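Novice: Protein chains in written order, with the working numbering: chain G, 6 to 54; chain E, 30 to 214.
In short, the hints are calculated from the structure, not lab data. Just so we're clear, the structure is a prediction, and the values are computed from it rather than from any experiment. One or more of the hints may lead you astray.
[What the hints assert, rightly or not] With a straight-line cut-off of 30 Å between C-alpha atoms, the simulated BS3-like cross-links for lysine-lysine are:
id, chain 1, residue 1, chain 2, residue 2
1, G, Lys47, E, Lys190
2, E, Lys213, G, Lys29
3, E, Lys122, G, Lys29
4, G, Lys47, G, Lys36
5, E, Lys190, G, Lys36
6, G, Lys29, G, Lys47
7, E, Lys31, G, Lys29
8, G, Lys29, E, Lys131
9, E, Lys190, E, Lys31
10, E, Lys131, E, Lys190
11, G, Lys36, E, Lys212
12, E, Lys31, G, Lys36
13, E, Lys213, G, Lys36
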Amino acid sequence: MGGVPGADTYAPQMSREQELDFLKNQSQTLKNRLEQINSRLKELEAGGE
Amino acid sequence: MKIAISATGPSLDAEVDPRFGRCQYFVIVDPQTMEFETLENSNAMAGGGAGISTAQMIASRGAQVILTGNCGPNAYQTLSAAGLQVISGVTGKIRDAVEAYKTGGLQSDAQPNVDSHYGVGMGKGMGMGRGMGRGMGMGLGMMPQAAPQATSPEQEIETLKGQAQAMSQQLDEILRRIEQLEKKE
Chain G
6 MGGVPGADTY APQMSREQEL DFLKNQSQTL KNRLEQINSR LKELEAGGE
Chain E
30 MKIAISATGP SLDAEVDPRF GRCQYFVIVD PQTMEFETLE NSNAMAGGGA
80 GISTAQMIAS RGAQVILTGN CGPNAYQTLS AAGLQVISGV TGKIRDAVEA
130 YKTGGLQSDA QPNVDSHYGV GMGKGMGMGR GMGRGMGMGL GMMPQAAPQA
180 TSPEQEIETL KGQAQAMSQQ LDEILRRIEQ LEKKE
């Protein structure tokens, strides 16, 4: 937090392992949420609430 | 705590950029002290996947809240998965937006407020890129999300189908990237 405009234009690079770890976590999160959504869709399409 | 705001320029007096993934800058502010840093968005001219790349970049900077004009489904899902609170529909100067947030005048979103590819082709080109734009959002955990605010089962079905489609696309992109990385050795 330097407060100097334009002073920080660097985006940190992740290592391959860090990126893989991040992406694997993210994909698992998305898979879980997709399952929840699909389960809710089935409920709705079956005429439940 | 840090708030990241999409900005048209690198200062607190710049306007909030209506685009998230392809905004020109981010201003990252500590709302208590109003100290800030600026970050040029290397994804501003990206061909595709700008929302996800930008979201990962912001998550890696330790921001907990995003203020922006519009946020599409891919960026929204990435930000939510990294535990960030997304507030869209924000306009005006960066300084005023932070003040509005501090006084509770801004509400977080339960879902993206625009479709994929919003902002593609908007704005002026800068003709430069710093590569990558990937980041990581480790250690922040999941943020519970509110259910979609549908008024009828039909609307809820439509909303959920849209979300499922966006998530599937994002998942495909992530799986492709994982495959690339695993092949790289």
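Novice: Okay, which hints does this one fail, numbers in order?
Specialist: Those not satisfied are hints 3, 8, 9 and 10.
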